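Colleague: Listed below, chain by chain, are the residues.
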Amino acid sequence: MSIVFDKLRQRFPADVVSTHSDFGDDTVLVQRERIASILTFLRDDPELRFDFAMDLTGVDYLGEEHRFEVVYHLYSLEKKRRVRIKVRLHEDDPVIDTAVAVWPGIDWYEREAWDMYGIVFRGHPNLKRILMYEAFEGHPLRKDYPKAKRQPTIGPEE
Amino acid sequence: MAEPVDITANVGTPDLQAEPMLINIGPSHPATHATLRFKATLDGETILDLVPEFGYLHRGFEKESEAATWTQVIPYTDRLNYVSPLMNNVGYAMAVEKLCGIEITERCKYVRVIISELSRIIDHMVCIGTSMVDLGALTNFWYFWKPREEVYFLIEELCGQRLTTSYTRIGGAMADLPEGWTDRVLAVCRGVIPECIADVNALLTKNRIFIERTMGVGPISAKDAVALGFTGPCLRAAGVPLDLRKDEPYLVYDRFDFDVPIGEAGDTCDRYMVRMEEMRQSLRIIEQAIAKLPGGPINIDDPRFILPEKAQVYENIEALMNHFKFIMEGVKVPAGEVYSATEAANGELGFYIVSRGGGGPYKIKVRPPCFPLFQGIPHLVKGQMLADLIATLGSVNIIAGELDR
Numbered sequence: 001m002s003i004v005f006d007k008l009r010q011r012f013p014a015d016v017v018s019t020h021s022d023f024g025d026d027t028v029l030v031q032r033e034r035i036a037s038i039l040t041f042l043r044d045d046p047e048l049r050f051d052f053a054m055d056l057t058g059v060d061y062l063g064e065e066h067r068f069e070v071v072y073h074l075y076s077l078e079k080k081r082r083v084r085i086k087v088r089l090h091e092d093d094p095v096i097d098t099a100v101a102v103w104p105g106i107d108w109y110e111r112e113a114w115d116m117y118g119i120v121f122r123g124h125p126n127l128k129r130i131l132m133y134e135a136f137e138g139h140p141l142r143k144d145y146p147k148a149k150r151q152p153t154i155g156p157e158e
Numbered sequence: 001m002a003e004p005v006d007i008t009a010n011v012g013t014p015d016l017q018a019e020p021m022l023i024n025i026g027p028s029h030p031a032t033h034a035t036l037r038f039k040a041t042l043d044g045e046t047i048l049d050l051v052p053e054f055g056y057l058h059r060g061f062e063k064e065s066e067a068a069t070w071t072q073v074i075p076y077t078d079r080l081n082y083v084s085p086l087m088n089n090v091g092y093a094m095a096v097e098k099l100c101g102i103e104i105t106e107r108c109k110y111v112r113v114i115i116s117e118l119s120r121i122i123d124h125m126v127c128i129g130t131s132m133v134d135l136g137a138l139t140n141f142w143y144f145w146k147p148r149e150e151v152y153f154l155i156e157e158l159c160g161q162r163l164t165t166s167y168t169r170i171g172g173a174m175a176d177l178p179e180g181w182t183d184r185v186l187a188v189c190r191g192v193i194p195e196c197i198a199d200v201n202a203l204l205t206k207n208r209i210f211i212e213r214t215m216g217v218g219p220i221s222a223k224d225a226v227a228l229g230f231t232g233p234c235l236r237a238a239g240v241p242l243d244l245r246k247d248e249p250y251l252v253y254d255r256f257d258f259d260v261p262i263g264e265a266g267d268t269c270d271r272y273m274v275r276m277e278e279m280r281q282s283l284r285i286i287e288q289a290i291a292k293l294p295g296g297p298i299n300i301d302d303p304r305f306i307l308p309e310k311a312q313v314y315e316n317i318e319a320l321m322n323h324f325k326f327i328m329e330g331v332k333v334p335a336g337e338v339y340s341a342t343e344a345a346n347g348e349l350g351f352y353i354v355s356r357g358g359g360g361p362y363k364i365k366v367r368p369p370c371f372p373l374f375q376g377i378p379h380l381v382k383g384q385m386l387a388d389l390i391a392t393l394g395s396v397n398i399i400a401g402e403l404d405r
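Chains as they are written, first to last, in our numbering: chain A, 1 to 158; chain B, 1 to 405.
Note that these hints are calculated values from the structure, not bench results.
Be aware that one or more of the hints could be misleading.
[To be verified] Lysine-lysine pairs mimicking DSS-like chemistry, simulated, CA-CA at most 27 angstroms apart: (1) Lys63(B) / Lys147(A); (2) Lys86(A) / Lys332(B); (3) Lys325(B) / Lys147(A).
In this text the structure is predicted, and so the values were computed from the model without any measurement.
Generate the whole structure from the sequences, applying the supplied hints.
Modeller: Okay, here's the thing in structure tokens:
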């Protein structure tokens, strides 16, 4: 059993939904309400020290009760350890607090998740599209966005 | 030596009459090397603010992958970092193999190390060569193009392609090494590459013009680099010795003797120095890997993942059916999710893969090393001169293919 699981269960007993270590990747599913405090704790706790936010992405589980999942991949330089934090979001309310204050480097990942999946990061300083252009309609990595759909290719409006 | 002018002294307070000027750089500009765009706010030549924009090369890698089989994704990975495609092939294959629980053969591990390190060398050569062109030192570019070409001959011989390699397969590789290939690799690694590195080293490393042009340009502290998620040579130049080949040894990197060079200031000069030394270390790894290269098969012995022999396909019905199912439906990968990271030339190349069982991925997310690096560019150049943006951008080595996917 990973130390990350123990520490998180101890500190946030109500927020940890489930944990697993399938394929050797430690994974924690948490509630979204206190995500900012959970991530800050993971970064600052002297036994954990997850100082790298390596990746953030969304996943669309179309048809499930909680359609969207936000997935954080963290890495600890000091402990040489990785952890995956996941949060489930409901289709009608795909909103989660931003983590830009925890890791400034996560800024663009959150913008990409907004661009591709329409997940809103509350409190993000600049939540704009990043790979697509502003006039693009819809969120292309959602499972109900057809792969072959075409939209007019126009540049940014300025 | 004259005191350098402190260009940061008046940052944020425009001179006399001047309103800040907004200037657009790119997306099609010779110094951006790829379709990148910056909106720069300038006070004279000093950068007050910089907004990077990209996405011009977005080809929907992740969306396309969701409609492909596991093996069909391999050619798409070539198009991520097109300067060192073999490393993307290796990274992707390792991620899928982790999901399948495949332990590849010893020979395949060594082969993957050799092709990864060859790719790292040519990637660094492109980075240093082209960034020197931006600074007006064209000679180095040609000095590095020759060995790069030699390596491309080797890659062409290995898989029939120069750029779009698609060499790895799930559970092995497209084919075993050609006859006598390792001897030719050694000949290039001993006879061609060290000489060219020495030439460029002689031209640049102690060249006062080069040093004064790059030292202190685009610096970053170790703390900021970590917070921004930098990895690879740009992070090591800032003094953080993170290298997945040492810290999370994958394949057989723990069996080789090599050093991880680090810098101090995290500036353009340090990034150059780190890359130069990494090329030498890669040569050391290739030497050792070829010396220890074991025999035996390159592919695992498992009909669930490896295509049957062509002769078998023509002769017996099981092999024919197996081949058909394999091509049409893809290999069967168990349901689950993995994140697998490798040390690519620019930093951590991660693949997050979700499978729900079946022949193709449910989701693939690439963590391209360039993404956080490009995000950090404003941090590197704010308060510096516009020309320093060009010097910094070249040394950070942004590859639009993996940035935009």
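Colleague: Now, for every hint given, state plainly whether the structure supports it.
Modeller: Evaluated hints:
| no. | hint | verdict |
| --- | --- | --- |
| 1 | Lys63(B) / Lys147(A) | holds (7 angstroms) |
| 2 | Lys86(A) / Lys332(B) | holds (26 angstroms) |
| 3 | Lys325(B) / Lys147(A) | holds (24 angstroms) |
Checked against the numbered hints listed earlier, the structure breaks none of them; every hint is satisfied.
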